[in-house]
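Asker: Based on the hints, put chain B in the right spot on chain A.
Chain by chain, the residues run as shown.
2 protein chains.
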Amino acid sequence: MQRSATDWLALSLLPGMGAARLAELAASDPPWPDGWLAALPRPAAQALRLYLEHPAQSPLAARLATEREWLAASPERHLLHPDHPAWPETLGQIADPPPVLWALGDLDALEAPRLAMVGTRRPTREGSGNAAGFARGLAERGWCVVSGMALGVDGIAQQAALDAGGCSVAVLGCGVDVVYPARHRCLHERLRGSGGLLLSEHPPGTRARAGFFPRRNRIITGLSRGVLVVEAAERSGSLVSARLAAEQGREVFALPGSIHNPQASGCLHLIREGAALVRGVDDILAELAQWSVTPVVNRRAPEASTDTDPLLAWLSDTPTPVDALVDLSGLAVSDCQRRLLALELEGRASQAAGGWVRLPTSSGA
Amino acid sequence: MQRSATDWLALSLLPGMGAARLAELAASDPPWPDGWLAALPRPAAQALRLYLEHPAQSPLAARLATEREWLAASPERHLLHPDHPAWPETLGQIADPPPVLWALGDLDALEAPRLAMVGTRRPTREGSGNAAGFARGLAERGWCVVSGMALGVDGIAQQAALDAGGCSVAVLGCGVDVVYPARHRCLHERLRGSGGLLLSEHPPGTRARAGFFPRRNRIITGLSRGVLVVEAAERSGSLVSARLAAEQGREVFALPGSIHNPQASGCLHLIREGAALVRGVDDILAELAQWSVTPVVNRRAPEASTDTDPLLAWLSDTPTPVDALVDLSGLAVSDCQRRLLALELEGRASQAAGGWVRLPTSSGA
Chain A
1 MQRSATDWLA
11 LSLLPGMGAA
21 RLAELAASDP
31 PWPDGWLAAL
41 PRPAAQALRL
51 YLEHPAQSPL
61 AARLATEREW
71 LAASPERHLL
81 HPDHPAWPET
91 LGQIADPPPV
101 LWALGDLDAL
111 EAPRLAMVGT
121 RRPTREGSGN
131 AAGFARGLAE
141 RGWCVVSGMA
151 LGVDGIAQQA
161 ALDAGGCSVA
171 VLGCGVDVVY
181 PARHRCLHER
191 LRGSGGLLLS
201 EHPPGTRARA
211 GFFPRRNRII
221 TGLSRGVLVV
231 EAAERSGSLV
241 SARLAAEQGR
251 EVFALPGSIH
261 NPQASGCLHL
271 IREGAALVRG
281 VDDILAELAQ
291 WSVTPVVNRR
301 APEASTDTDP
311 LLAWLSDTPT
321 PVDALVDLSG
331 LAVSDCQRRL
341 LALELEGRAS
351 QAAGGWVRLP
361 TSSGA
Chain B
1 MQRSATDWLA
11 LSLLPGMGAA
21 RLAELAASDP
31 PWPDGWLAAL
41 PRPAAQALRL
51 YLEHPAQSPL
61 AARLATEREW
71 LAASPERHLL
81 HPDHPAWPET
91 LGQIADPPPV
101 LWALGDLDAL
111 EAPRLAMVGT
121 RRPTREGSGN
131 AAGFARGLAE
141 RGWCVVSGMA
151 LGVDGIAQQA
161 ALDAGGCSVA
171 VLGCGVDVVY
181 PARHRCLHER
191 LRGSGGLLLS
201 EHPPGTRARA
211 GFFPRRNRII
221 TGLSRGVLVV
231 EAAERSGSLV
241 SARLAAEQGR
251 EVFALPGSIH
261 NPQASGCLHL
271 IREGAALVRG
281 VDDILAELAQ
291 WSVTPVVNRR
301 APEASTDTDP
311 LLAWLSDTPT
321 PVDALVDLSG
331 LAVSDCQRRL
341 LALELEGRAS
351 QAAGGWVRLP
361 TSSGA
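Protein chains in written order, with the UniProt record's numbering: chain A, 1 to 365; chain B, 1 to 365.
In short, the hints are calculated from the structure, not lab data.
Note that the structure is a prediction, hence the values are computed from the model and not measured.
Be aware that a few hints might be false.
What the hints assert, rightly or not - For the chain A half of the interface with chain B, some residues (derived, Cβ under 7 Å), not all of them: (1) Pro-256; (2) Gly-257; (3) Ser-258; (4) Leu-268; (5) Ile-271; (6) Arg-272; (7) Leu-277; (8) Arg-279; (9) Val-281.
A virtual CB, placed ideally from N, CA and C, is assigned to each residue, including glycine.
Isolated chain A (complex conformation) (with noise of 0.2 Å):
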């Protein structure tokens, strides 16, 4: 029988019941629900009990309001659960999936196959650039990407994939409506629209926590096909999330680089330990052929108003030279320059010593 939304934010709720106990009697799914109750330990199957007989009386009804209450004020706020048509199959075959995620922007996002692209935080300039690169590559052969939305490689990547036209899908460690890190505020934005989605097991309004991002990556990876590290050191968190992967069934693959280059050692160990030396997409997608859909280039058009000119996503306030932005934009250097221009004019952005950079606007973003 198919349960609600509600039935399953219940069920996640339930006093004593870790997400690990609840996917394993998800999978085995007995009648409900006698059947749950009877395999529930003794405090839960009286918690669900009192929640199906007398809702109104149950503890969780308080949590339960305010939570569809925040699910009903906008079309684009969407609770994710194994009875839900939405839900990302590939999910299924991890140890401990999350019971529920919460989803914010597009779900359509999640019709396409899926790979996650992760790697450090402070990426090199050539790693910046494979990062873009091979993102806007993926979009373009019909793949949505997966990451973190953390700074560097995470956030690089699901930018290009939408600058493509193509889906990106961001795993936060925090409530999908809260903003973390707060530089990426209008990337959030952005996955909030068309082609892009954010997802979180944790419910809308929880801050981020240290804590919270290990647990994210196991989604990360749960709901890819394979994991590419673009850049990572040796003792990083990508390569943990790339063991888990692999121990989740998952390809890795890696990009190689320089042996002088700390950004590549992750990457470099990751190879010696049996993941694909990857050197464009193609060697990816010949891996994953059986997930690999009919190439779509541009399924969505870019936007093309100076407004969400997609170069703006890569000023901020430190200067970037204008070869750089052609790196990670994927532009012609005559059409970053005449983009350029068109955004100085609007008082968008402006030259400074190093390069160019965002201006603040009056309208917010």
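Answerer: Structure of chain B alone, referenced to chain A:
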């Protein structure tokens, strides 16, 4: 029974006898000379019998006299053959070892375990630095660097091994007394000295021919426990050597690099095919642990007079910047500058636009 160098030379000159056939016979080694005479094809058997019974009447006599005269003229000249105490046993493991090897230089160079280093004639600056750095590291750990004395990676690696007081063996596609390429006159000279050795399956005086080089490569890898490809394009002789080495049962090592460096593409290809990705000399030695020797740092002290200053080998008609010289030589910046100044005062080097050049000397190298 032990045969003399002249016997082996005669065997190598018998009509209608290929190297492979001779190697086969040497491996089974029937009683000498009757078993050999019985096993040889008729024309070869007749020629061998004449040589053994009436050497003066043998058509080989003139040729043998010439070669013996060459060998006798200097103690640095040798003819290696399967009965010679310095014959490299690893050659016995390949399908078609040369029947004899002319040698010029220090036979002690054959006492250390050997690794082949190969790569492009036009390395990038990083590739040049890696060639020098790995050769130095191998030399410091008591390994001998085997290569082909070609421009680029070959020459840089061999030069650096000698500079570090280590050993290096060059296998040539011409006679050991022929300097090819001409720009390596100085390196050829050094390879005749302490720690160096020049080898060839072609008699002294043989000019380089394009067809000799592919066969020369089987000796480079046949002499070695493994081969390290430093930088190589996707279609290159180095890749052919690497595949040949794998067929010979040798370990194949490759240095990773950027996916945007065409000179790294061959290495990335090899790694995808199963070559070991190496980040440093230790990764190589860990694979070859069974052959390793007790580290002998500066087994031979590098010569210190400016007359043979190792920097000279890195200088040419084309200006080389100081920082490139630092990379290549492994010297400290201050040491490098001090030596350059000394060389300039002696009129052996001079500054030009873009770096330092070598000046011709009236006395010859």
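Asker: Hint by hint, say whether it matches the structure.
Answerer: Evaluated hints:
1. Given the 7 Å rule on beta carbons, the hint for Pro-256/A holds: about 4 Å separates it from the nearest Cβ of chain B.
2. Taken as an interface hint, Gly-257/A checks out: its beta carbon lies about 6 Å from the nearest beta carbon of chain B, inside 7 Å.
3. Look at Ser-258/A: its Cβ gets to within about 6 Å of chain B, closer than 7 Å, so that hint holds up.
4. The beta carbon of Leu-268/A comes within 6 Å of a beta carbon in chain B, closer than 7 Å, and the hint placing it at the interface holds.
5. At its closest, the beta carbon of Ile-271/A sits 5 Å from a beta carbon of chain B; the interface hint therefore holds under the 7 Å criterion.
6. Taking 7 Å as the C-beta cut-off, the interface hint given for Arg-272/A holds, the closest approach to chain B being about 5 Å.
7. The interface hint given for Leu-277/A is met, as the beta carbon of that residue sits about 5 Å from the closest beta carbon of chain B, less than 7 Å.
8. For the restraint placing Arg-279/A at the interface with chain B, the shortest Cβ-Cβ distance is roughly 5 Å, inside the 7 Å limit, so the hint holds.
9. With a cut of 7 Å, the hint placing Val-281/A at the interface with chain B is violated, because the nearest CB-to-CB distance is about 11 Å.
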